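Chains as they are written, first to last, in the working numbering: chain A, 18 to 307; chain B, 517 to 805; chain C, 1284 to 1738.
Wrong hints could be hidden among the right ones.
[As the list claims (entries may be wrong)] Here are the computed lysine-lysine pairs in the DSSO-like style, where the Cα-Cα straight-line distance is at most 27 angstroms: (1) K1423(C) - K1374(C); (2) K1569(C) - K134(A); (3) K1465(C) - K744(B); (4) K1301(C) - K1333(C).
[What the hints assert, rightly or not] Pairwise CB distance ranges (calculated): (5) Q266(A) - N1514(C): 53 to 59 angstroms; (6) N1410(C) - T747(B): 40 to 46 angstroms; (7) E779(B) - E206(A): 33 to 39 angstroms.
Simulated from the structure, these hints should not be mistaken for lab results.
Keep in mind it's a predicted model, so treat the numbers as computed, not measured.
Cβ coordinates follow ideal geometry from the N, Cα and C atoms, glycine included.
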Amino acid sequence: MGLLGLLSKLFHKSGSSAKSDTGAVKMVESKRKEEKSVADKITVGHVHMSGCTGCLVSLADNYGGLLTILDRYADLVYGLTLADVRHIPKMDVALVEGSCCINDKCSVDEIKETREKAAVVVAVGGCACYGNITRFCRGGQQNQPQHESFLPIGDLIKVDVYIPGCAPTPQMIRNVCVMAYLLLKGNAEQKALATSYLKPLMDLAAKGTEACFCNLMTEVINQGLCMGCGSCAAACPVRAITHEYGKPQGQRDLCIKCGACYAQCPRSFYSFDVVNNYEAILGAINGALQ
Amino acid sequence: MANELGNYKTCVSARSTDKEILKCSQDGGIVTQLFAFALEEGIIDGAIVAGPGEEPWRPQPMVAMSKDELLAARGTKYNISPNVSFIKEATRSFGLDKVGIVGTPCQMQAIRKGMLYPFGWRDVPDKIALALGIFCMENFPYQSIVQLVEDHAGQKLENVSKMNIGKGKFWVYTDRGAVVDLPLKVTHKYEQPGCHVCLDYVANLADISTGSVGSPDGWSTVFVRNAKGETVWTKAVAAGCFETKPIEQVKPGLELVTKLANEKITKNQKTIAGRASFGAGKALRNPYI
Amino acid sequence: MSKVVEISPTTRHEGHSKLVLKVNEEGIVERGDWCSITPVRGVEKLAVGKTMEQVPKIASRVCGICPIAHTLAGTEAMEASIGCDIPDDAKLLRIILQCANRVHSIALHNILILPDFYLPGTETKINPFSPEEPVRSVAKRIQRIREIGQTIGEIAGGEAIHPSNTRVGGMYLNVSPRAKSKMYDLAKEGLVLARDQMELMLAIIKNMQKRDFIDVAGKKIAVPKELGYHNQGYMAVDPVYGSTSLDECPRWDLSRFMETRPWDWYMGEMTVDLEDKSYPVGGTTKAGTVVNPQMEACTGVPMYDGQPVEVGPRARLVTFKNFDEKGTWGQHAARQLEYTDSFYAMIRALDELDPSGSVLADEIPQGDGSLGWAANEAPRGTDVHLARVKDGRVQYYSMLVPTTWNFPTCSRALTGAPWQLAELVVRGYDPCVSCATHMIVIDDDKRIVAQKLIQ
Ligand SMILES: Cc1cc2nc3c(=O)[nH]c(=O)nc-3n(C[C@H](O)[C@H](O)[C@H](O)COP(=O)(O)OP(=O)(O)OC[C@H]3O[C@@H](n4cnc5c(N)ncnc54)[C@H](O)[C@@H]3O)c2cc1C
Ligand code: SF4
Ligand code: SF4
Ligand code: SF4
Ligand code: SF4
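One chain only, chain A, in its complex shape:
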């Protein structure tokens, strides 16, 4: 019950989520007033490797929430698509989109520099985490036929947090941004909350750089863990998963290797501590964005 206690202390109330909401707002606002609001923010950059910018569009698809995040929690210090800064600065959190072409010196330098400059590196989206469609690349195309080998960034640098999916959802990117803020700028309790929320995403980053429908076969069904809920099929962005007699059937000729299905599966990782407190945690995130 560690987390529940923590949460109720955090928001000085337990019980209804509506109360937690206002608690969270107060928490954030009083914190803002105490210190200067600018110093209070974390610095975030968007690093674009070999991706499609869909991940960035997804971040922007927080609509009004994006404006709130930028107002209160994060300064966007880098991101070629959104800002004029041409060289990677020091930053707290780097959101990296896309895999890395190891036949392009520029890309390799950039991902290494990102690791040096950022305290926390988040692989955003299937390409950065697992290669996604760039796993299929095999070069031979003009005007750079030698661009043939693309690696998930985790094969070149240490990555702290994974957000699988293609595109990863605006809500996941938002949640990670808010939790990163709490982790870096929060008090001890907020840090504990953020850590327990982020832990599975850190574990995914530590686990490896390969993903496919096959993970459901090898790590869930083969392991005797699938109970046929359907989360995986709902998660798949290319409709590669159907359910036949209750169990997932993957059309592997459609799968793009984004990793969403396995991450979404309640039998891939499941923390009672975190999920049992879903109302309070969602209340805190929504409250932070009010």
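Dock chains B and C with the ligands against chain A, hints included.
What follows is chains B and C with the ligands alone, placed relative to chain A:
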């Protein structure tokens, strides 16, 4: 075991006041009645339920957007209905902004994990408007039901009108009035393996959860679990949708629910522990980290 | 003596690109090369041997800003190759999806471009993320328009970014009557917001047009009247949607297309000898750096009737609506005019859509290797995909994406601009660089590709 029944605000025994709903529902018609009420009140725009499938008693998840469609999906099908697989589509081509969903405890866990970690469920979390959980000891693959009904019970599956697990037995009722019961030791081997690591009996994470255990025949035990569940339940009762009795006044009451919940959790915790030393120096994976 | 300046990477657009500019003593561009430096993922090559169903899903993922265009052009190129007609309601859903993506894209481009524009009546450029009014209200309106576009796309197309509902032969699912009315409501709301946003943007653009100078890093840079003018042609196949080789009268002509490699078209090796450390933010490339667009460019140079052409909003308006404003400002204005047009087209399609109609062809042939093409009018211009499918597998695939068409045209349009405004000209094209890589290659005696393909 302190929290085997999960958090809840109230617990009652109840049944629907709508004769039509009661006619073919599994127990007190709680699920169908609640969705029908929520639909009428605009609390939900539609609900994901286990509709009829291609073969007898094989469910196919569907998005019900009318009372008729809800009625068509009444009753328990003792095999897998991947209801959660529709959670995103319901908000897409079906156009729902407020989605209702019914599911087993594991499906409720899936829903809540998905609200916190929507990896592939873009724009879904805030559209989940009413999650109804049904108690669940175990579930079966479709073929298990075929073998249990056709072989062990000796009945043609398409002639079966109802199946039920209760009073320590698996019951099969047919259209022509036959009733066959099988001891649960027969059914155990047919269970879905994934159920053996399941640590939730009464859908702790639903807004409202319900099952037959604890209440008399034709009635249901209902846990109202959170603020949202409470709002909907109070309104539905006020609108005359349900007859209710305090759970303390019915037999066998919460004691049996607690006992069964404990049994399930204890047994499955053993399975999980056993997985850690399943091979020779090799563990099976533990999903709960 | 002319000097060489390089801006790398360019900012506030999708993908990685750079500008190599030869400028005269006054800093006016004499010749400019704008080229992609995004690694080539080689989607056209990796497509070979895969199923016709998977390739459009991969093609979608070359660009997250016009993924709809790539999905639709990819899927329809497959349908054109196998000779599959799709039901009307599937077509209508695709049109709705197309329009939804276009409004979101115009709105997104508003955010990217506003920092180049002055708030009318002031000397302040607009930071779209500023919490100050009136900017904040505008930013919120832009985000709401995007939300409307993305939500409609999500309903018709399954996903807001990479659509999942499209498939060879039509769509996976039609929408429910409820979903249809939801899209209507959103479209009606969007139309009003889009009209206001369009008017605001047109006022801002008109204000820019009247200005004599623009401030870049504290220097007043004179704006030429003809900023961004070029003498290349235009290419567009439809005001809204597209055309395929299955059409009775196809509106794109393969035989008028040919391509050269960057080798023939871009500048060769040069040394940077003009450096400006104050250029925002981080300065231009260091003097002494050796640059070589010919070798570095990641795209080919497609031509229509032997010349690079402009594609995009202005090309559509010039071709179908007698629009005649030239240059960077004209291009911006044209884009805004498509705001309301997109909503009208969407509402028309919604009127016709029958939610109970079938959306999948009864029969989906598996293909005999014939060449088919589909040209889709992406937000940034004509996106032509060509495919050969045999027995359900892709034998040949090519993508002539909008920004690939625009790279050489825009390079021409840089001539005459002060180099400090070169990025401004580039952004007028709303470039989207990641996808702008492809492989059609002509052989040395310059026989046109079309003939080679059709044989
Ligand atoms: C596999 C399984 C095991 C169960 N085990 C127990 C138990 O051990 N103890 C207990 O008290 N109750 C158990 N139940 C619950 C019980 O059988 C009833 O479903 C519950 O009481 C609801 O009855 P009702 O009359 O309120 O619902 P109704 O109005 O009949 O509606 C039932 C709803 O559940 C949906 N449904 C039916 N089958 C499934 C399925 N397989 N998966 C998901 N949704 C489905 C239907 O579509 C319908 O919407 C179990 C249910 C299932 C599906
Ligand atoms: S993960 Fe998907 S959305 Fe993100 S860059 Fe890769 S292809 Fe694009
Ligand atoms: S999400 Fe996991 S448990 Fe659920 S059906 Fe898919 S594989 Fe099985
Ligand atoms: S099956 Fe779907 S969700 Fe799973 S990895 Fe493949 S594409 Fe992603
Ligand atoms: S026993 Fe658990 S895992 Fe199995 S169906 Fe019931 S709730 Fe799901």
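Hint check:
1. Of the supplied pair hints, the one linking K1423(C) and K1374(C) is violated, its CA atoms being roughly 32 angstroms apart against a limit of 27 angstroms.
2. Taking the CA atoms of K1569(C) and K134(A), the gap is about 22 angstroms. The hint holds against a cut of 27 angstroms.
3. Restraint check for K1465(C) and K744(B): satisfied, since their Cα atoms lie roughly 25 angstroms apart, inside the 27 angstroms limit.
4. Under the criterion of a C-alpha separation no larger than 27 angstroms, the hint pairing K1301(C) with K1333(C) is inconsistent with the structure, at around 33 angstroms.
5. At about 57 angstroms, the beta-carbon gap between Q266(A) and N1514(C) stays in the expected band of 53 to 59 angstroms.
6. Range check, N1410(C) to T747(B): Cβ separation about 43 angstroms, and the 40 to 46 angstroms hint holds.
7. A C-beta distance of roughly 37 angstroms is found between E779(B) and E206(A), which places it inside the suggested range of 33 to 39 angstroms.
Hint violations for this structure: numbers 1, 4, all remaining hints satisfied.
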